[in-house]
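*Asks:* Assemble the complex: chain V is given as a structure, and chain W must be docked to it using the hints.
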Amino acid sequence: MLAILLTDSAGQFFSSGHTNNWAVLVCTSRFWFNYRHVANTLSVYRSVKRLGIPDSHIVLMLADDMACNHRNPKPATVFSHKNMELNVYGDDVEVDYRGYEVTVENFLRVLTGRLPPSTPRSKRLLSDDRSNILIYLTGHGGNGFLKFQDSEEISNVELADAFEQMWQKRRYNELLFIIDTCQGASMYERFYSPNLMALASSQVGEDSLSHQPDLAIGVHLMDRYTFYLLEFLEDIHPASKTNMNDLFKVCPKSQCVSTPGHRTDLFLRDPGSVLITDFFGSVRKIEITMETINLTDPIKQMEENSGNDVQTENNTYVDQLPVSEIIHQKPKQRDWHPPDGFILGLWTLILLVFFKTYGVKHLKHVF
Amino acid sequence: MASYWNRNPIRVFVFLILTVFVVVRSNIPSTPGEGAEERRWEASQVGDVDPGMSVAPPHPHTNTDSFQEELVVRPLHSGDIYASFQFRTVWEADFSRGNKVSHYQLFPKSLGQVISKFSVRELHISFTQGYWRTMQWGQPFLPSPPGAELWVWFQDSVTDVDGTWKELTNVLSGIFCASLNFIDSTNTVQPSAAFKPLGVGNVTDHRFLRYATLPREIVCTENLTPWKKLLPCGSKAGLAVLLKSEKLFHSSFHSQAVHIRPICQDQRCKSTSLELRQTLNAVFDLHTSGQAKREWSLFKMFSRTLTEACPLASSSKIYIDITDNSQGEQFELSPASSLLSQAVVLGDRRTFSVYDLTDQATFGSTLSPFDKKWQYPIGDMLRPLLHAERYVAGYGLQTGEIHTVMYNHHPYRSFPVLLLDSVPWYLRLYIHTLTVTSKGKENKPSYIHYQPSKDRLRPHLLEMLVQLPPNSATEVTVEFERALLKWTEYTPDPNHGFYVGSSVISSLVPSTVATNTSITQEQPLFSSFFPCKEELSYFVRVYTEPLLVNLPTPDFSMPYNVICLTCTVVAVGYGSLYNLLTRSFQIEEPSPGLAKRIANVIRRMRGVPPL
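The listed protein sequences derive, respectively, from chains V and W. Take the position in the first sequence, starting the count at 1, then add 1; the result is the number in the working numbering. Take the position in the second sequence, starting the count at 1, then add 567; the result is the number in the working numbering.
Since the hints were made in silico from the structure, they are not lab data. One should not assume that every hint holds.
Which stretches of chain W does chain V cover? Using the computed rule of at least three CB atoms under 8 Å from a CB of chain V, they are [unchecked claim]:
1) 669-679
2) 725-739
3) 746-757
4) 869-882
5) 1068-1075
Here are the simulated DSS-like pairs of lysine-lysine, each with C-alpha atoms no more than 27 Å apart in a straight line [to be verified]:
6) 124/V x 733/W
7) 867/W x 83/V
8) 1053/W x 733/W
9) 124/V x 867/W
10) 75/V x 867/W
11) 676/W x 242/V
Sample of chain W residues lacking proximity to chain V, with all beta carbon distances greater than 12 Å (derived) [to be verified]:
12) 785
13) 916
14) 1005
15) 1104
16) 1144
Glycine included, C-beta positions come from ideal geometry on N, C-alpha and C.
Bound-form chain V, shown alone (with noise of 0.2 Å):
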């Protein structure tokens, strides 16, 4: 009786198989007027750092910068409601790539870990085979690609070959595909690696609709996608059991006017069973255990031996404008050039040279 109980928590603890929790989350678009594109990624950062994703396990891409745009009437706030209720900016938020830096290549290397050496932590999928990554779109997309930045674009068989890098270096253990654009579905018809779960806003063929203006702000706040999905993740708390069956189910026809769409045949567990914070928090497992461990006494920071000082010279703060100093400086040593006339030396040379071997009488005739 107490194996078949352990057995059943011991399965439980292990039944989702992932360690630990990565969220990419991208805007590509630039430019005030697409305001609902950073709105969109930024109310599921929200969402994903409520349910417990901390900022050194998400890598946040926004292409502009909206909070802080002149043109915004209310700086260092992003809305999602109108009426200004939800400001999804916050006080707490890290950017990770953010202006220029937002480009496909970017982007792929983020995926496939190819960065340069010198790349900060914060700008890396630091991800191994048991981490569980939600990968998050938004921008203007057509059937095939999404734009980045109004100036290059992505297709999905450049994606679905990032992804089968990630899984062939054993990058993911599970993956969540969400994309909101115009024509989303298009993106992941071409997934071929396993354990990839995808969601899209529209079909082939269909727009995605932006939900609604706010007048103050003079712009389209979120799309309607996002919206019902922003509505749906603030329900849901760390502790929540809702499967994928329900996130399915956001946003039917009649709210959203496009037909959301997923795919999960490449997904090997069935969806019923997956919980949202599988992807969407990170539910950390905690083992109890009654044992204490003693620490030792804390260690007493030695002093450093103040007799064996070699300097001794008194330092002095430098003179900010030296004039005179700098009125005398040595010119710099600069890149050598050959001495004045040397051209002309050599030319005479090849000259002479010329005339010795041809004879002198030659020169008579020049002078």
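*Replies:* Leaving out everything else, chain W in the frame of chain V:
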């Protein structure tokens, strides 16, 4: 060879002795200091028992870090309020001798690791949104240019300064959530006379200095959040509680900076400690933020109230500038403070009303000074003696002129200024057109350092030491030509234009009030940033506006149009020609009339050949 040995045995013998001598000498450590250094390194390891220490009685480890915070509020003559926060953490660590540190108390670990890993002697980074209007607001306590600015002095031990600089900018971009990784050789310069170190030190070899600006950099909450996390108390207690982003960014000017430099520990300055200063300057325009009455309070400015002082701070003070209110006719502070202090800052003696947050009795719930009757001050504001402007002249997208105008408002003294200009490579400067004129006459600079640009490699660097005559405007003009970039080098929004960083003008301005030149630490923080050696002049740095120039931009929708037109022309022209050449023509009989067709049908039925 054998004959040589036989013929000159003595020479060979001497040669052998010398060789053996040299070999033996090289194995002995060359200096006695090297051995001592090894011994010192051992002593600093934690846990080792040093025989010398066991004799002395054990004493508790004293907390050698110290943290001070202060806020200065100064009402400006234009009706704005200038608030300046200064947070200072002093850390008794010395990195110049290569010591490794593993214990951090108040000093943030992220910055400590950066300093030790990249052998940084001084680091100054600032993020600014807005432009400081010197003529309306006076001089700031700590000037900064719009956008991001980073300048670093490395230690002498760094061998590859450029490589270390690149890695440092990448690491800082991760710490501050800013796009500092865009700093590369195309916008980094190595000034030869400006930006002398602000900390103690004897060596000023400018090979170890790097300076870069990003005028396009946006400053928002994501830069403020990691900045606040560097403070010992975070934003939970002390003055940092007031830093709420919604109010701070709704201001005319906002600048946050981090300055790390070595300072003297005491008067004799035998050893140095590391100082981290975090400053935040903001100018609030109370008219646009909806305040009809000229009242201001800390709650109205920051929408937060002070609750308690930071327990880790050794001093936590608020200074309100009441110099214009000496008789109390302009405004009245509530709660009133009896503590007054005078400080000489930027050549001006100002009186401050001091509130000490560590003292519980000084304030109750909120600190809210209110105006009795606000009038614009009758007295003359101390006019800033040095002021500069910069603009682009010319028309069209091919050529232009950069004009930098520097004003000296002192009635009878002239002083030298050092002008530093860093222009990107795509504005090709013609230095032969450089002219410096004051009062209509040519003013020859006493020092010029010009480093021309290399396309796509490095920018122009122009440094000049100019003497500004009294009560004059000096104009520096230089013509330039705009370059056509490769189509991949344009930003995604090229029609916005390209930014040119601010010029930096550094000078020693004569002052009427004697400044304090001692290195004591009792001065308030805002008056003791720039070290001064002379009493009758103070150092000031002025930044001009950044420039926005349009480069000739191609029409990026052009490829689509070109493809459509080309395909149409190819299809129509080539297609018809191809058909004409390759098709064969056959004569086709016209179809027969109705009667004949019926007759053919009948004939077919009969089995007879058709007509």
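*Asks:* What are the numbers of the hints that this structure violates, sorted from low to high?
*Replies:* Violated hints (numbers, rising): 1, 4, 9, 11, 12 and 15; every other hint is consistent with the structure.
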